[in-house]
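Here the protein sequences come in this chain order: F and E.
Just so you know, we're using our numbering here: the first sequence kicks off at 1 and counts up by one.
Just so you know, we're using our numbering here: the second sequence kicks off at 1 and counts up by one.
Keep in mind the hints are simulated off the structure, nothing from the lab.
Each hint should be verified, as a subset may be incorrect.
BS3-like cross-link-like pairs, simulated, lysine-lysine; straight-line CA separation at most 27 Å [to be verified]:
hint, chain 1, residue 1, chain 2, residue 2
1, F, 185, F, 200
2, E, 102, F, 188
3, F, 144, F, 29
4, E, 93, F, 2
5, F, 178, F, 217
6, E, 2, E, 86
7, F, 159, F, 141
8, F, 169, E, 102
9, F, 169, E, 94
10, F, 80, F, 178
11, E, 93, F, 200
12, F, 2, E, 94
13, F, 169, E, 124
14, E, 54, E, 2
15, F, 169, F, 290
16, F, 241, F, 228
17, E, 54, E, 102
18, E, 88, E, 46
19, E, 87, E, 124
20, F, 159, E, 100
21, E, 2, E, 79
22, E, 124, F, 159
23, F, 200, E, 100
24, F, 2, F, 29
25, F, 250, F, 159
26, E, 124, E, 93
27, F, 290, F, 141
28, E, 102, F, 159
29, E, 124, F, 200
30, E, 102, F, 80
31, F, 250, F, 200
32, E, 2, F, 80
33, E, 31, E, 100
34, F, 169, E, 93
35, F, 141, F, 2
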Amino acid sequence: MKHLIDPTDLSVEEIDGILNLALDIISNKERYSEACKGKKLATLFFEPSTRTRLSFEAAMMELGGNVLGFSSADSSSATKGESVGDTIRVVGCYADIIAMRHPKEGAPMLGSMVSPVPIINAGDGGHNHPTQTLTDLLTIKREKGDLNNFTIGLCGDLKFGRTVHSLIKALSRYEGIKFILISPKELKVPDYIITEVFEKNNIDYEEVTTMEEVMSKLDIIYMTRVQKERFFNEADYVRLKDTYILDKSKLKNAKETLSIMHPLPRVNEISTELDDDPRAAYFRQALNGKYVRMALILTLLGVNV
Amino acid sequence: MKVDSIQNGIVLDHISAGKAFQVYHDLELDKLDCSIAILQNVTSNKMGRKDILKIDQEYDVNLDVLGYIDPDITVSIIKDGQTIEKKKVALPKKLINVKKCKNPRCITSVETDIPQIFVLTDEKNRIYRCIYCEADK
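With the sequences and hints as input, model every part of the structure.
In structure tokens form, the structure reads like this:
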């Protein structure tokens with residue numbers, strides 16, 4: 001049985017298969033509207049997450065299936081001390097597939113070791129969030145038409161941001177991509193990304209501290225939030241915080257074809273004045289999250305339409 | 001210094017100097033009620049200095065624990081005063097319940113009865129990663 005725990009569980013071919021299926025769903029929604037009739041998705045959210053949970057539930061509903069589950073550990077047997085393994089074994093008796101979020105790293109992996117049905121990791125602490133990576137890949141494919149040959153700027157907190165690390169690893173398997181890493185020195189990507197991903201695979205990358213100096217080169221800018229608590233002293237945060245807020249003035253030299261991405265939720269790192277700019281792709285990205293989850297559910301359930 | 005030979009048991013030789021007590025601890029040899037000799041800083045032509053452990057009873061040694069501590073340790077099984085078998089120790093590909101994950105965010109920190117499993121991800125630098133959270137040790 002196939003689970004999705006880590007983004008690298010999927011080969012490039014499997015990822016391409018899921019993305020192509022998502023594109024087919026987008027073009028032929030009616031054809032898939034009863035694809036999961038009689039099937040049930042359990043969403044086990046041991047910590048709250050509005051976007052991800054609703055995206056999974058909407059995905060299953062659009063496939064004609066049903067959903068059950070809980071949205072916080074408080075409303076589950078975890079409060080009675082039930083183990084993750086036991087919860088998964090029991091829910092596996094009721095549901096055909098499980099999407100699971102848990103604050104502890106590795107909990108979905110533990111679940112997959114005992115589950116009688118496919119498990120999807122919907123986020124485990126700061127560790128993995130593979131369906132966000134699939135969402136990002138589908139967005140790039142739809143915005144750019146291809147997953148090869150572009151320049152992507154990753155901006156903000158590149159040290160702690162799990163979505164950025166997963167995306168870099170996923171994109172490193174495609175050709176002709178240049179990475180420009182835009183961050184304060186305190187929040188640069190971890191060394192292992194530089195050595196084990198970029199240098200090991202001879203991938204073109206550049207590290208800079210401001211987005212203005214590279215904006216004209218970018219085909220995609222992927223924004224993340226710079227959080228105050230990540231800095232050792234407040235003076236550095238105050239000095240740098242506006243540097244990583246994207247607004248109209250910073251787009252002055254940007255390409256007309258630029259795509260602005262963000263995993264959301266946004267706080268203030270993208271000015272709302274950009275929301276109506278056709279280059280703002282972040283809400284389209286959220287919509288892609290639903291389609292890619294539909295494709296993933298169909299794939300893991302082995303449903304062919 | 002002279003330590004008598006054993007008649008039936010195990011000799012763990014070529015332990016890197018200073019690691020005998022770690023081997024003793026991690027193999028939980030304190031739970032045995034037989035004689036155990038711990039020799040430290042023994043002169044060795046090959047290693048300069050080495051440690052040796054002699055266990056004076058038949059004992060099913062966990063080779064993964066030894067390999068994790070020091071893959072160059074040699075294991076000799078002694079019967080009636082003669083070496084009847086030498087076992088090879090190697091860096092194990094997987095460690096099960098040998099070490100605990102120290103990442104406080106790992107699921108193993110709250111569900112303590114699940115197996116602690118690490119896999120070897122970098123043989124050269126002897127890096128093992130927890131299969132749950134991927135933290136290394």
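Comparing the hints with the structure gives:
1. F/185 to F/200: holds, 22 Å
2. E/102 to F/188: Holds, at roughly 25 Å.
3. F/144 to F/29: holds, 22 Å
4. E/93 to F/2: Distance ~23 Å between residue 93 of chain E and residue 2 of chain F Cα, so the pair holds.
5. F/178 to F/217: holds, 10 Å
6. E/2 to E/86: holds, 23 Å
7. F/159 to F/141: holds, 25 Å
8. F/169 to E/102: holds, 25 Å
9. F/169 to E/94: Holds, at about 24 Å.
10. F/80 to F/178: Violated: residue 80 of chain F and residue 178 of chain F sit about 50 Å apart, past 27 Å.
11. E/93 to F/200: Holds, at roughly 23 Å.
12. F/2 to E/94: holds, 22 Å
13. F/169 to E/124: holds, 22 Å
14. E/54 to E/2: holds, 13 Å
15. F/169 to F/290: Holds, at about 22 Å.
16. F/241 to F/228: Answer holds: residue 241 of chain F to residue 228 of chain F is near 8 Å, not above 27 Å.
17. E/54 to E/102: Status violated; Cα separation ~31 Å.
18. E/88 to E/46: holds, 17 Å
19. E/87 to E/124: This hinted pair holds, its Cα atoms lying about 23 Å apart.
20. F/159 to E/100: holds, 26 Å
21. E/2 to E/79: Answer holds: residue 2 of chain E to residue 79 of chain E is near 20 Å, not above 27 Å.
22. E/124 to F/159: holds, 26 Å
23. F/200 to E/100: violated, 30 Å
24. F/2 to F/29: holds, 25 Å
25. F/250 to F/159: It holds: about 23 Å lies between the C-alpha atoms, which stays within 27 Å.
26. E/124 to E/93: holds, 12 Å
27. F/290 to F/141: holds, 15 Å
28. E/102 to F/159: The hint holds at about 21 Å.
29. E/124 to F/200: Between residue 124 of chain E and residue 200 of chain F the Cα gap is close to 16 Å, so the pair holds against 27 Å.
30. E/102 to F/80: holds, 25 Å
31. F/250 to F/200: Given pair residue 250 of chain F, residue 200 of chain F is violated - Cα atoms ~33 Å apart, limit 27 Å.
32. E/2 to F/80: Given that 27 Å is the threshold and the Cα spacing comes to 59 Å, the pair is violated.
33. E/31 to E/100: holds, 20 Å
34. F/169 to E/93: With Cα atoms ~24 Å apart, residue 169 of chain F and residue 93 of chain E stay inside 27 Å; holds.
35. F/141 to F/2: holds, 24 Å
Of the numbered hints listed earlier, those contradicted by the structure are 10, 17, 23, 31 and 32.
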